[in-house]
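Visitor: Protein chains in written order, with the numbering used here: chain A, 5 to 286; chain B, 78 to 513; chain C, 16 to 301.
Derived by calculation from the structure, the hints in this document are not laboratory data.
Among the clues, some could well be false.
Claimed, not checked - Sample of chain C residues lacking proximity to chain A, with all beta carbon distances greater than 10 angstroms (derived): (1) Q27; (2) D70; (3) I90; (4) A202; (5) E210; (6) G239.
Said to hold, decoys possible - FRET-style restraints, in silico, Cβ to Cβ: (7) C:I289 - B:N271: 54 to 60 angstroms; (8) B:A217 - A:L28: 46 to 52 angstroms; (9) B:E172 - C:I195: 38 to 44 angstroms; (10) C:R86 - A:P175: 26 to 32 angstroms; (11) C:I195 - B:Y467: 54 to 60 angstroms; (12) C:F119 - A:G185: 39 to 45 angstroms; (13) A:V268 - C:I217: 40 to 46 angstroms; (14) A:W56 - B:A474: 49 to 55 angstroms; (15) A:L201 - B:G468: 48 to 54 angstroms; (16) A:V268 - B:N154: 55 to 61 angstroms.
Don't be surprised by glycine CBs; every beta carbon is placed ideally from N, CA and C.
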Amino acid sequence: MRDAGMPRPASYYFLSFVFTLFVLFLYGPMICVYILSFQGPTGGMSFPMQGWSLHWFTVLFDGNGRGVGDIHNAFWRSMRMCAIMAVATMLIATAAGMSFRRRYPGSNFVFYSAIVSMILPGLFVGFGIALTFNIFGLKSDWWHSGLGAQLTWSLPFGLLIMFIVLGRFNPSYEEAATDLGANSRQRFLYIILPIILPGIIGITTAGFTSSYQEAARTSLNVGTGNTMPMELTALLGMATTPVMFAIGTLTTLFMFTLVIVTLVVVARIAKQRQLRLTRQSA
Amino acid sequence: MSKIKDKKSSSGISRRDLLKGAAAAVGTAAGSGAITGFPTIWAQNIQNVTLNHVGSVYTTNPLVAEEANKQLGFTINMQTLDTTSQMNRLLAQPETIDIADMGNPSLKYFVGKDTLMPIPINEYKWWDKTLPLWVDGTYANGEQASRQGFAPILSAYYADETGLEWSETPTDWLVSIPLVTNADTFGIRPDLINRPIESWAELFNPEFSGRVALQDGVNVGVPDAAMALEAMGDVQYVNKGNMTIEEIDKTIDKLIEYKRAGQFRSFWTTFDQSVQLIASGEVVLQSMFSPAVTEVRTRGIPCIFQGLKEGYRGWAISAMPLRHVTQDPLKRDCVMEYLNWMNSGWYGAYISRTGYYTSVPDNAKPLMTENEWGYWYEGKASTDDIIDPYGKVMEKAGVVRDGGGIWDRMGNIAIWNTLMDEDRYLVRRWQDFIAA
Amino acid sequence: MTFSPRAASWLQATPFMLIMVFLVIVPLVIVFVASFMDYGFAEVIPVLYWGNYLDIFRSRLTWDLYATALRMLVIVWTVTLLLGFTIAYYLIFHVRSNFWRAIFLMACAIPFWTDGAIRMISWVPLLGREGLVNQALMGMGIIEQPISWLLYSEFSVVLVYINMLTLAMLGPIANSMGKIDYSIIQAARDQGAGEWQIITNIIIPLVRPGIAIGSIFILTAVMGDAFIVKMMSGNQVNTPAGAIMTEIAAFQYPPAAAKSVVMLVLVIGVVATILRVVDIKKELAR
């Protein structure tokens, strides 16, 4: 811990206050979502609350109410896509990030194409991809065009995360390993990988969550079967009930658990590394 | 014998051979919704046929899909998409869709494109029972229906089997199977307005400054605005639903004036937004859909779908098969089967209970209770609770539907949802409007 | 099997490249070509047509669109920079335990794990005339009538941008701050530097790469967004991205393509300038 034991400067209290305000600001709409998901059965999407109940949660699991649409299937489809996306993003972005450690012809191209991919409106990329597939006579389905379309969104972010993570990376570790006779595979496995592991996990999580949220590029390329964001967007057009808020609360809980688990895993890895180091130096 | 077994139907399915040309028998099972007579295709391999139906959020959902799959021998794969995504799929990858349903103005995008399959009139069983709005463009009393905007009759028939041109007079080739229609108007909060509203012109009444809303978009929002502008006397139109360039300019310029004066609160895009706006009292008068009005009411908030003296805005959704389906004769038969099923009764009753009119009411009537039929179609007061397809109570006894019976509303259409010839110019000027 | 370093780089970048080329570059080329074409009802007519670009460069609309977008961008960038920097500074330099730092960071990220659609609609019960904020303000006696410009206005768009994008600025800045060798700070303190001096003379220069990356995020997010601006303004504010979306929804692809090309050129230009000022790639090459 830094400065452990030293007294706190006045700025600390001021900044803590700012931070608290900020968190409240971030959570503003979410608080509405959480509260309204407990809306009474006759209630609507805004205040005032008409009683408190778990009614909308039961409707959600029941699967038959108005405003539920095909959420169940859409959810599992999304989960499946997200999992694959997370892994794919992680592998491809990590490899690409690693490639940037040297100057090579074409590196600018890679970088700028990532930027371009991020700023092109999703709908355009989606339509462009659909049209391309059509011209080449391929049918669109979730596991190639749908996935590909989402990757155009998640990979640039993954790459940028890699930039950040590798930017922190102290090359002297690697040099020391080389001096000790490690070849490139050993260098990667034993030096580089453990250090960038948090970054990789970050990319995986980012891949997962960005896939879950992404609607514009996916909808045109996923073939039949909606993903969650698509289903929700479609539902918003017809009938909405606080079921949506119930979904919001539940997905938050779900993601919360997911990240706690991730953090625990990362902490474990860090601790094991510490143990290994102290054992070795003992 | 075919491997296809009767699927859980209570009153027994009798199967007729479609090839023999026998008509299906419509059973009566009051309230239970079981229809006899389907499937009428007798083939062992239709079990393996899967049809992809992509449609709007009003016409596709798991409840309907479940029933369709129960009653037909093949699989229906329903997907709900917003209009833009659906159109993009239809244009870029038509072979991924077998049947599409959409509002009839969108049909204009397909003229001359050979994407859709013309339907031979003799293969569709219910054309004679279809509402005359489609059959010959008249109201029930024989009067010609309004042609302002995109009236259904304009895209009901193809000139011939090539499907390249439309015909305004009946032919043997249908463009689509009509599914749903309704008449829209303003939804209002009578408790916040406290006086009768009678005219579209009230949209621009300064009394409601900052408290009105329209649907965003040129196919619905602009017709509503045009109705209001005409009622105010601000602009004169030849055909509000198909404006000339000068009319468009005048309309947009007037709208920009009102926008800058702060007349509008918002332009909603989704159903939910329209409900939110008026339920929360942000808005007291806005363009709305009928189920949205009902939704507001089920929350205990007074809301009326107010009939206005200038008339209603009408719209229609229909289903059309895609051309590529003809390459597989078995699939094509299944598609026709499905289309016939859609208007054979169960689906029509379902649609009616959500507040829209089915195109073949006679088939839906036996499956609805007298109370329901009276309330939804005849403009009579309800004698009991009116329940929606999911079991929620929409109205109690003793309530009359806003606007009255089907022909009080559908017989008083001033303008239809539209896609104008000058759509390109209109969209360009609409951009100016939003940026103002 | 040994590779030359350059070949290794190429191999590592290949999967990424393939996806980018086929799924971004190729569609981009199609978009570029389409921008020069004429159009009918949901059809692109393949004749050379300059009308789309002529309209863009001649009409008042383009000016209005970019002015609005720029106005919002500047406000969002300034606020997110200040907020992001402040919070990052707090988290890295004031929060002492790693555990709490992680918790705080997670707390900031949790709201983003709910669907965008749901988060969008939840602003209404917060900002509407009958919403929580207005009720709170009236309850505290600060205002008499509910404020209507909290929602369906440029204000609400900017507010939502700030809410959603501060994290995008905070993250890279925090990361850059984390890289600073703490002994430098200690040395400065030992020499008697005050906190503010440390911030301006040491920290800010050293986190420039983080600020640059964050700025790129903000720029691309705001310029590329059509959903938030339309939804939060009730379709009453138009930006270049919003205009593109309106045209796509009306199936008028060539003018949308032309607007996209123009926007892309402008944004890439700005990004390139940012990268010239702060070379983040220098951080990576050996």
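Visitor: Evaluate each hint against the coordinates.
Guide: Evaluated hints:
no. : hint                                : result
1   : Q27                                 : violated (4 angstroms)
2   : D70                                 : holds (18 angstroms)
3   : I90                                 : holds (16 angstroms)
4   : A202                                : holds (15 angstroms)
5   : E210                                : violated (6 angstroms)
6   : G239                                : violated (5 angstroms)
7   : C:I289 - B:N271: 54 to 60 angstroms : holds (57 angstroms)
8   : B:A217 - A:L28: 46 to 52 angstroms  : violated (60 angstroms)
9   : B:E172 - C:I195: 38 to 44 angstroms : violated (57 angstroms)
10  : C:R86 - A:P175: 26 to 32 angstroms  : violated (44 angstroms)
11  : C:I195 - B:Y467: 54 to 60 angstroms : holds (59 angstroms)
12  : C:F119 - A:G185: 39 to 45 angstroms : holds (43 angstroms)
13  : A:V268 - C:I217: 40 to 46 angstroms : violated (35 angstroms)
14  : A:W56 - B:A474: 49 to 55 angstroms  : violated (29 angstroms)
15  : A:L201 - B:G468: 48 to 54 angstroms : holds (52 angstroms)
16  : A:V268 - B:N154: 55 to 61 angstroms : violated (41 angstroms)
Of the numbered hints stated above, those contradicted by the structure are hints 1, 5, 6, 8, 9, 10, 13, 14 and 16, listed in ascending order.
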